[in-house]
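Given next are the chains, with one letter for each unit.
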Amino acid sequence: MNDMTRPVLDPPYFYPDYRSTTLRAPKLPLIELPADALDIPGPLVPRAFVHAKENDLTAHGKGAPLGEKMVLAGRLLDDAGRPIRDALVEIWQANASGRYDHPGDTHDAPLDPNFKGIGRAVTDAEGWYRFVTVKPGSYPWQNHPFAWRPQHIHFSLLGNAPVQRLITQMYFPGDPLLAIDPVFNSVPERAARSRMVSTLHLETGIEGIALGYRFDIVLAGAKSTPLGI
Amino acid sequence: MAERTPSQTIGPFFHEALRWRDGGKVAFAERGERVVLRGRILDGAGDPVGDAMVETWQLSPAGATPAGAARASNPHGFARVETAKDGTFRIETLMPGGEAPFLDVAIFARGLLKALRTRVYLAPEARARTDPQLGPLAQSPRLKTLVAEPAGPSEYRWEVRLQGGDETVFFAF
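Protein chains in written order, with the working numbering: chain A, 3 to 231; chain B, 112 to 284.
By construction, these hints were calculated from the structure, which means they are not laboratory data.
Ideal Cβ placement from N, Cα and C applies to all residues, glycine included.
It is possible that some hints are incorrect.
Unchecked claim - Negatives, chain B to chain A, calculated, CB over 10 Å: (1) Arg115; (2) Asp154; (3) Lys225; (4) Gly263.
As the list claims (entries may be wrong) - Derived DSSO-like pairs (lysine-lysine); straight-line CA-CA distance at most 30 Å: (5) Lys64(A) / Lys137(A); (6) Lys137(A) / Lys71(A); (7) Lys255(B) / Lys118(A); (8) Lys55(A) / Lys29(A); (9) Lys136(B) / Lys196(B); (10) Lys29(A) / Lys64(A); (11) Lys71(A) / Lys55(A); (12) Lys196(B) / Lys255(B); (13) Lys196(B) / Lys29(A); (14) Lys255(B) / Lys55(A); (15) Lys55(A) / Lys118(A); (16) Lys136(B) / Lys255(B); (17) Lys71(A) / Lys136(B); (18) Lys29(A) / Lys118(A); (19) Lys136(B) / Lys118(A).
All chains should be modelled from the sequences, with the hints used to inform the complete structure.
Dropping the structure here:
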């Protein structure tokens with residue numbers, strides 16, 4: 003952690019362009035613990051924790067949701083390139099109009115009765131996950147005048163050790179809002195930012211029905227490999 | 112080698128997506144001493160952080176890695192809760208084994224571009240200071256920010272300050 007030659011991966015806690023960091027970022031130095039202090043294997047997520055259909059965000063209503071239907075698939079890997087299996091992947095997103103089905107979202111865009119914007123999956127033996135959803139819309143937020151978030155899907159990953167816990171956001175290629183989004187640009191290195199952008203991949207889609215995107219996610223390697231469940 | 116994916120904020124709209132049934136009641140394969148942790152998170156202005164998510168991970172009552180859960184149970188040894196508008200949260204668990212029992216804590220919130228990692232000791236400060244993992248922190252006056260106060264039978268209170276003079280200790284990871 004003290005190796006200054008190591009490239010900086012994550013955003014800093016204090017990032018003034020993202021206003022909400024101002025009163026929430028710690029100001030005192032972070033403390034180093036021995037690496038193994040945070041590397042107890044687990045938690046182990048039972049496969050039955052998630053139902054197979056929870057990965058289809060378009061199947062939660064009486065009819066089909068509005069918007070551009072898409073399949074989003076990818077692999078969860080550790081930094082040695084090994085698949086992370088039995089990891090819990092939870093996603094949430096705005097609907098095609100840019101509105102979250104959440105009481106805190108006051109954006110003047112319509113809710114979609116056929117879209118909750120919530121999905122879950124557990125990775126398979128090769129680390130794969132797959133969701134069927136619609137492309138989320140952009141939406142305005144209060145960070146600065148005329149601020150709009152780029153289209154994104156929130157990802158929560160719970161791997162096989164505490165070092166494999168990550169919450170991130172997945173973006174779309176070619177979105178013009180990426181260049182001016184403070185949340186995206188809080189990640190200091192361009193190469194690292196590019197790893198949050200999905201790739202258009204037609205064959206991942208469903209022919210004649212859904213567009214395909216690929217998004218692989220890489221987490222830290224766990225020292226210990228838990229036993230299978 | 113593969114390059115890691117960076118962290119981003121959880122944002123304000125995670126609640127329904129990440130809410131687990133009984134997320135604040137930690138399941139284990141074994142029995143043990145029931146304890147309740149009541150926490151509160153405050154920001155640099157002393158205002159409650161009412162839109163955070165808190166996760167804890169811990170050893171079993173026997174001091175071992177929690178065993179795998181059966182069927183559709185929540186993962187053993189692991190809690191996930193939201194803070195209420197007043198910044199409070201409540202976790203009901205079993206006392207972890209060991210001389211200086213603690214919960215490993217991760218805090219996510221709007222305005223946190225990366226999770227905060229900390230821990231809370233459910234033991235007197237003098238015992239927490241014997242934890243060999245702490246290194247120089249064991250001698251620091253700041254260690255008291257990681258020690259929960261007993262608050263009645265089997266109950267502990269812990270205040271987390273994200274920023275300021277009495278800021279909680281957070282760990283690099």
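Hint check, failures only
Hint check: 1, 2, 3, 7, 8, 10, 14, 17, 18 fail, others pass.
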